[in-house]
Structures are given as structure tokens and as C-alpha cells.
Amino acid sequence: MSDSEKKVKQIIRLKRYEKPPEGFFEGFLEDFQNRREQLPAHRPEGFTAVERIKSWWNQVGVTKWMVGCGAAYAIVAIGMTWWEPKGSGSAHQKTNLSPVNHEPSKRPLEQQQDPQKKNQSPKAF
Amino acid sequence: MSEREVTSDEQLVVLARSGDTEAFDELVIKYSPKLYGLVYHMTSNREDAYDLLQDIFTKSYRSLKKFRGESSFYTWIYTIATNMTLNFLKKRKRRSTWSLDVIDSGLQNDQAMIDMSHIANPRHQSEVNELQKRLNEAMQALSEAHRVVVTMHDIQGIAHGQIGDILKVSEGTVRSRLFYAHRQLQGYLQDFIDPRPDLKK
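Which chain is which? The protein sequence lines are A and B, in order.
Here my numbering is used: the first sequence runs in plain steps of one and ends on residue 350.
Here my numbering is used: the second sequence runs in plain steps of one and ends on residue 207.
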């Protein structure tokens, strides 16, 4: 260590003897106590877990966005799978899962009538 | 304040975490002068130092549950104080007016200071005041990164390795910054380091 450096360190020692004026800390503790009273009251036990999750989330950084997007995609995909809009043909298929036993009709559709209505005569006015 | 037996910091922390506010008050009383030194030497403003100290203790009180005991409580709160002070200085746009603290009478008994009779004899108050002002200016002319290592090592006597742990830099970086800071301070304090011939006996 050079002579000049030694002298600089000696001069800096002067600051070790600096102290605040008399009474500087008199109201310090009281001020701190007042501030502490204004802090949020004791939190419930469960809140600690929420705080931990928040702390973890803030620390994850860039990765959190990837996780969030993946979770959002999964939620949307699941939602689209289970939710069906009205009027969709597939709704009928979903409700009736039994295999369809298709037998072609022997008569054209317009000739297929309700047997009960077959013998009814038209109403007279 | 209620009387209690002398308790260790660990015991006070355990009590404070369980809701004993008086236990934390004891920690405040114990460490506020030491932390004041750090904050004041960095800011050179007494009012800023007071407000910042309040913020530091408030934050440490709220973060008490995160203190795992891996280091001493003093090291933990000192780290908080250092980080908050550096952040404060970064945000402070304009330089506040400087406050000069009084010099403790213990200076007169410091052999190292007395030996510097050609620089500033503690028995000559005017010379001490002049040196104090010049030293304050020189410290404020340093960057925060250099000022903090001078404050922690040269003024508060903290070892290089511990400074590195607190600032999260290597010990080599601490030594390098100290070396550079001393060179800077030499330039500012040249008049006091190289005495004028007429001051020599």
C-alpha cells in the first residue's frame, strides 16, 4: 500500500466519528411504531399460502408466460370439447350413443301416415 | 419499554415473528445507530437518512417471516438497508443538500488521527471541519458502487468477503472498487495528503 493510500484511509477514518446531533433518535422508535400500526393487520393463516404462490409466480419470470399460455390453451380445448353450440347436428349424435339400426322405408315418406288418422273423414264446415 | 433480560437477536426475532412487537422494538433500538451510519455516509443527508431508516425497518418487519436464520439478523437487515439505499440513490433525481454530522469527541483520542498532525489535528477544530467538508464532497463525487464499498470497509470495518456477499459481487470486485475509489479520493484530497511547505514544522 502506497503512502498516499495510507493517508487516504487515515482521512476516511474521520467519518467513523461522525454522529447525528443530540436527540436525533428520540422520536425514531415512536415514529416507527406509528408506521407499524398503519400496516395491514395480521393476515389469516390461509393468506400465507397465497403469498407464497404470488412470490413463486413473480420469481418464475419468462417461464410463467409459457405456463400460462399452455394452461389457457388446455382450458379452451377442454371447453370446446364439452360445450356444444345450439343447432349443431352433432348434439343429437352426442345424446344418443347407441348404434343406429337403419332400415330403409318400404314406402316413400309422403305415403307414410299415422294409422289413427287414416280413417278420419274431413271435417264439415 | 418494559424491562427484560438481555436476549440474543435470535430470541428477539423468534418473539417478533410470533407477534411480540416489543421484541422488534429492541432490535430497532439496537441497530438504528449502526444502520444510520451506512445510510448517512451514502446519502450525506440527515433527513433522507431518517426517512430511509424508517422504510428499512418497516420493510424488515414485514419481511421477518422470510428471514431463515442462515445469516445473523444484523447481516440480513444490513443487506436490506444497502439495497434500499442504493435504490433510493438511483431514484433521487437531484442531489439533496448535504448535512454534516457532528464529530464525536472520541476523535481526539484516535492515535491514527493524531498522527496526522500535518493534515488535520483533532485538537484544531477548524481544520477538522474543513477536512470533514472536503471529505464529504469527495465521497459524494464517487459513484454509488464505489462509495458503498468505502463506507462498508473503510468506515464501518466490514471485511471484503462479507461486503461481496452483501453486494453479491466477488471479493476481487470489492478490492478492485476500493482501489479505484481510493485513487479518486486521493485526487480530491490532494491538499490534505501533500501538505503545503508552510504547514510543516
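Just so you know, not all the hints are guaranteed correct.
To be verified - To give an idea of the chain A side of the interface with chain B (calculated C-beta under 8 Å), a few residues:
no.	residue
1	S229
2	E230
3	I236
4	L239
5	F253
6	F257
7	K289
Read the hints as simulated data drawn from the structure, not as lab findings.
Each residue gets a CB set at the ideal place from its N, CA and C atoms; glycine is no exception.
When the least beta-carbon distance from I236/A to chain B is tested against 8 Å, hint result: Status holds, d = 6 Å.
Per-residue hint verdict: F253/A, partner chain B, C-beta under 8 Å: Result: holds, 6 Å to nearest chain B Cβ.
Under 8 Å is the threshold here; is the Cβ of F257/A close enough to any Cβ of chain B for the hint to stand? F257/A check passes; min Cβ-Cβ to chain B is 6 Å, inside 8 Å.
Given E230/A was flagged as interface, is its beta-carbon under 8 Å from a beta-carbon of chain B? Holds, because the Cβ-Cβ distance from E230/A to chain B comes to roughly 5 Å (cut-off 8 Å).
Status of the S229/A interface restraint (C-beta, 8 Å, chain B): holds (5 Å)
Let's test the interface hint: is any C-beta of chain B closer than 8 Å to that of K289/A? Result: violated, 21 Å to nearest chain B Cβ.
Per-residue hint verdict: L239/A, partner chain B, C-beta under 8 Å: holds (6 Å)
In this structure, only the earlier hint numbered 7 is contradicted, and the remaining ones agree with it.
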